[in-house]
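Asker: Read off the chains here:
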Amino acid sequence: METLERIIAEHPFLADLDPSFTRLMVGCAKNVRFNRNDYIFREGDPANEFYLIREGKVAVEIFPAQGKPMIAATLDHGEILGWSWLLPPYQWKLNARALENVRAISLDGKCLRNKCEENHDLGYEVLKRFARIIEQRLETTRMQLIDVYAVR
Amino acid sequence: MATAVRNDVMIPQPYLIREVSKETYDTFTLRLAPDKGSNHGSFLPGQFSMLWVFGVGELPISISGDPEEHQRLVYTVRSVGQATNALVTRSAGEAVGVRGPFGNGWPLQAARGHDVIIVAGGIGLAPLRPVIYEVLSHRKDFGRLVILYGARSPRDLLYRKELASWARQKETQVLTSVDYGGMSWRGHVGVVTTLFKYARLKPSRSIAMVCGPEIMMRFVTRELETYGLSRNDIYLSMERNMKCAIGFCGHCQYGPHFICKEGPVFTYEQLRPMLEKYEL
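Here the protein sequences come in this chain order: A and B.
Residues 1 to 152 (the working numbering) are what the first sequence spells out, left to right.
Residues 1001 to 1280 (the working numbering) are what the second sequence spells out, left to right.
Calculated directly from the structure, the hints in this document are not laboratory data.
Remember, it's a predicted structure, so these values are computed and weren't measured experimentally.
It is possible that some hints are incorrect.
So, partial list: chain A residues that the calculated Cβ filter (under 10 Å) puts toward chain B [what the hints assert, rightly or not]:
| # | residue |
| --- | --- |
| 1 | Pro69 |
| 2 | Glu79 |
| 3 | Glu117 |
Cβ atoms here follow ideal geometry from the backbone N, Cα and C, with glycine treated the same way.
Build the full structure now, drawing on both the sequences and the hints.
Answerer: Written as structure tokens, this is what we have:
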């Protein structure tokens, strides 16, 4: 049987994490499932957790001021969803919707923030990994903004 | 004394349009056959022709058809200006002039025995389609075929039926992505580089062929290098203002290279010094 600790340790986001940190994180983790078209979170809701996606595809949706909502990005197995739990006001800025049935590990943001405050080595490790994800997503967002497929 | 030779590369040969099919709202595929009904001869995947729209002008267009189809020349054209619009609004039975094929083409010989990674953006899939046909019709000569294709939106994706059929072939992985998906889109959303993490790549035995807008190719080459491909195993097809197509006029000069004659396909190693220079 797969233990939560092993599932977390094998997720690409936490690859090569020191086992003592993994054990600390397990205390904040639980398995979750979402059915296709379920909203995982909505803009404005409290951001109390983040997700390690194990299976299925998630759409990150934005609502332009006028016009129809649109999918700005999709996230798949092996990726993480959500970083608004990291910083005040701990509120989601976007919607996340399951495009398929989704299995994920949910990590409690408040629980993990407390552990990071108590153990700065863990906190630094978590922040480094989130910084890499934020950097990658910022770069792909820039590429979307400059419209790389446009005829010039 | 007669000076015009029948096969003079500067003289367009008359071809008849056999079919014009709509790929997307602004992109069309034209099938042409020689006016006299003979075969057009052969071309290499990645080569281009100069298509003469009588009374309007001449355009460099990559050949997007099957290299083993000798009765037709196939071109996929996006209507973006006066000449391309005139070309795609021609009807079956009308004539156009064809010069070529020109250019060096993709490195299919070098790719034999290797995995082939195709990375295309927008209409950049058209010059790569002959490579896909070639790999799939000589399957044992090549390793895995990985096709990563990005477009602005679902309605900009070319060859959607063929993409689905290629994905069903052995040893072939096809991943598509759009920058912006509507709420009904169930596929991947993100620029083409975000597909790399889902691709089953073996960089040490792979050759990558990349075609799309230059800015996209800059990001893609960076990503391919990150995954461990060497600069000499990454090939790019360049586009410039081709006029004569034989390296005389200099319109397509790019640094030390004439794109029409030495290219349009170059290794990333050859192009890297120029690719990140502003306005070259």
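Asker: Are A/Glu79 and chain B close enough, Cβ to Cβ, to be under 10 Å, as the hint says?
Answerer: Constraint on A/Glu79 satisfied, holds at 8 Å.
Asker: Let's test the interface hint: is any C-beta of chain B closer than 10 Å to that of A/Pro69?
Answerer: Since the shortest Cβ distance to chain B is 6 Å, the answer is holds.
Asker: Verify the interface restraint on A/Glu117: the C-beta must sit less than 10 Å from at least one C-beta of chain B.
Answerer: violated, 32 Å
Checked against the numbered hints listed earlier, the structure breaks hint 3 alone; every other hint is satisfied.
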